[in-house]
Amino acid sequence: MKKRIFSAFLTIALYHYTMAQSQVIDFNLLTAPATPAATLLGFATSEIDKPRDAAEFMASVVSQTNGLSDLPANYAVEIAPAWIFGKKKISFDDFKSNAVDKNIWQSLMISAAVKRKEASESNNNPLTQVSVGIKVSLKRGDFPAATLALIDSTQEEINFIHRNLNAYLSGDLVYQALIERALDSPAWQDTLEAYRNRKLKKIELAELANLESKIKRLRFNRVGFKLDLTAGIVQDYVNNSYDQRTISKLGIWLTTGWEGEKGFSALAMGRVLKNPDADYKDDNGNMQVASIVSYDAGGRLLWAPADKSYSLSGELLYRQVSTPKKLPASWRYTLNFEYKLKSDLSLNFTYGRDFDDVVIKEGNLVALLSLITSLGTSKPVGIKANQN
Amino acid sequence: MALIPAPIILSKCPVKQDASPIILEIIVGNAQLNQGSFSVKRTISSPASIQGELRSGEPVIIGSGPELVGQRLSVLVTVATIQSVDTTLTFKLSGGTTNINITNSTQANAIGDVVVYEAYIRFTNS
Chain A
1 MKKRIFSAFL TIALYHYTMA QSQVIDFNLL TAPATPAATL LGFATSEIDK PRDAAEFMAS
61 VVSQTNGLSD LPANYAVEIA PAWIFGKKKI SFDDFKSNAV DKNIWQSLMI SAAVKRKEAS
121 ESNNNPLTQV SVGIKVSLKR GDFPAATLAL IDSTQEEINF IHRNLNAYLS GDLVYQALIE
181 RALDSPAWQD TLEAYRNRKL KKIELAELAN LESKIKRLRF NRVGFKLDLT AGIVQDYVNN
241 SYDQRTISKL GIWLTTGWEG EKGFSALAMG RVLKNPDADY KDDNGNMQVA SIVSYDAGGR
301 LLWAPADKSY SLSGELLYRQ VSTPKKLPAS WRYTLNFEYK LKSDLSLNFT YGRDFDDVVI
361 KEGNLVALLS LITSLGTSKP VGIKANQN
Chain B
389 MALIPAPIIL SKCPVKQDAS PIILEIIVGN AQLNQGSFSV KRTISSPASI QGELRSGEPV
449 IIGSGPELVG QRLSVLVTVA TIQSVDTTLT FKLSGGTTNI NITNSTQANA IGDVVVYEAY
509 IRFTNS
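Residue numbers (the working numbering), protein chains in the order written: chain A, 1 to 388; chain B, 389 to 514.
Everything labelled a hint here was simulated from the structure, so no lab data went into it.
Incorrect hints may have been included.
[What the hints assert, rightly or not] List time: in silico DSBU-like cross-link candidates among lysine-lysine, alpha-carbon distance up to 30 angstroms:
| no. | chain 1 | residue 1 | chain 2 | residue 2 |
| --- | --- | --- | --- | --- |
| 1 | A | Lys88 | B | Lys400 |
| 2 | B | Lys480 | A | Lys88 |
| 3 | A | Lys226 | A | Lys342 |
| 4 | B | Lys480 | A | Lys201 |
| 5 | B | Lys480 | A | Lys96 |
| 6 | A | Lys89 | A | Lys139 |
| 7 | A | Lys89 | B | Lys400 |
| 8 | A | Lys216 | A | Lys89 |
| 9 | B | Lys404 | A | Lys201 |
| 10 | A | Lys202 | B | Lys429 |
| 11 | A | Lys139 | A | Lys214 |
| 12 | A | Lys50 | A | Lys88 |
| 13 | B | Lys480 | A | Lys199 |
| 14 | A | Lys89 | B | Lys480 |
| 15 | A | Lys139 | A | Lys102 |
| 16 | A | Lys216 | A | Lys102 |
| 17 | A | Lys96 | A | Lys50 |
| 18 | A | Lys50 | A | Lys340 |
| 19 | B | Lys480 | A | Lys102 |
| 20 | A | Lys201 | B | Lys429 |
| 21 | A | Lys102 | A | Lys226 |
| 22 | A | Lys281 | A | Lys139 |
| 23 | A | Lys199 | B | Lys400 |
| 24 | B | Lys429 | A | Lys199 |
Kindly generate the complete structure, drawing on both the sequences and the hints.
See below:
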């Protein structure tokens, strides 16, 4: 039976392998980019500067702008203002909250990028491209019940340690007398702190180990209704002149969805993308280059149980493209299967139909077929899979 | 896993002679879990005239100026590092002749450490 399934699968796969054209397709078309400004200008994720605090951010800007005297040549940066400039004011309750004002501030990511191109054979004029983008969660979901229970339990440990510490410090009359002296004379502060630090080192509470163990188990993933807005825009300055500026790319993504605790999630997306140098076929079948605007809408269902190594998803995407030649609306649908072998190695397979009716078949197929033959046996997989 | 001491806040708070309330507030930043408490005592061995718990961002009235003169406010805040090793405590005391607003930051050694913040304020006549 297993051999028959394998043969049928192999036949279908080989048929489509010979029929389908070689192509590169982003599987996860529904996902908005994390850093729209950098993505629109073609920066790789590793090239994006991500300062963690205000000092790092300033150092990065000063270094890239030649001491704030010039525009950087090739630079992409992403900052989370709340966590760079305002983290001292973010309480745990603010972090836990799903209120829109808290969500917007804490999730706001601003990205900016600059790219300069010198005049060349393919590019008659020097060009400076500047892009900015934002990503924000209007609704980010809530912590799962298990996480809330672990937070409560962790808080109880903290309360217990706090009560013990309070009794320990307030009951030490020598320490209390030192505090009185230090209030009268700042010269006593060093003595006070030295005494206190020695006391704290001596404290051995079993609850400290319990607390650490609970903290290490805390994961702040969120479930429930989510709504994200992402937008990015690129402005071109031909001849590096302010007067010769045009908006060359524009992208807006609105993503919403519901994520369940059991690994099931549903996602819907709307997107508008403007691309000035897109290829299209005219009425005579000749390839032309023109500015196009595409309007996409789609949905995705994902089942990825937390305690399993596999996930299954399906997505459907509708596209209407505005070009000099009127094109009918088109559809794309795919099914994706992923099996995690290790944390950094997974097999995945995508099957479906693209906008131009070409069959999509992606992923490490040979490895997947090998895996299917081994399912249900006690033998190790014993294959070398290409990492995608 | 360790208890990390933060610098102790020591100050005097001259109070107004009217019945203006003295308001205490702490803000524990960096989205860290914490527990805070305060007490007001006349001497180190006397019972507390007022005490209670403190929640980040929730102001507490601890009394009026004249009734607090000569007493000492003790504040203890324990901050568990659950997000990062960075912790911050903002300590605010208003209603006296001058407001006290101090922000202290302390870095723990590792996530799971507990940072101990303390503040001691003596109320005096202006």
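Right, here's what the structure says about each hint:
1. Lys88(A) with Lys400(B): It holds: about 25 angstroms lies between the C-alpha atoms, which stays within 30 angstroms.
2. Lys480(B) with Lys88(A): holds (14 angstroms)
3. Lys226(A) with Lys342(A): holds (29 angstroms)
4. Lys480(B) with Lys201(A): Roughly 28 angstroms separates the two Cα atoms, so the pair holds.
5. Lys480(B) with Lys96(A): holds (23 angstroms)
6. Lys89(A) with Lys139(A): Holds - the C-alpha atoms of Lys139(A) and Lys89(A) are around 21 angstroms apart, at most 30 angstroms.
7. Lys89(A) with Lys400(B): holds (25 angstroms)
8. Lys216(A) with Lys89(A): holds (24 angstroms)
9. Lys404(B) with Lys201(A): violated (40 angstroms)
10. Lys202(A) with Lys429(B): holds (27 angstroms)
11. Lys139(A) with Lys214(A): Satisfied, since the Cα-Cα distance of roughly 27 angstroms is no more than 30 angstroms.
12. Lys50(A) with Lys88(A): holds (19 angstroms)
13. Lys480(B) with Lys199(A): holds (27 angstroms)
14. Lys89(A) with Lys480(B): holds (13 angstroms)
15. Lys139(A) with Lys102(A): holds (10 angstroms)
16. Lys216(A) with Lys102(A): holds (25 angstroms)
17. Lys96(A) with Lys50(A): Status holds; Cα separation ~24 angstroms.
18. Lys50(A) with Lys340(A): Measuring from Cα to Cα gives roughly 29 angstroms; hence the hint holds.
19. Lys480(B) with Lys102(A): Holds - the C-alpha atoms of Lys102(A) and Lys480(B) are around 23 angstroms apart, at most 30 angstroms.
20. Lys201(A) with Lys429(B): holds (27 angstroms)
21. Lys102(A) with Lys226(A): Satisfied, since the Cα-Cα distance of roughly 14 angstroms is no more than 30 angstroms.
22. Lys281(A) with Lys139(A): violated (41 angstroms)
23. Lys199(A) with Lys400(B): holds (25 angstroms)
24. Lys429(B) with Lys199(A): With Cα atoms ~22 angstroms apart, Lys429(B) and Lys199(A) stay inside 30 angstroms; holds.
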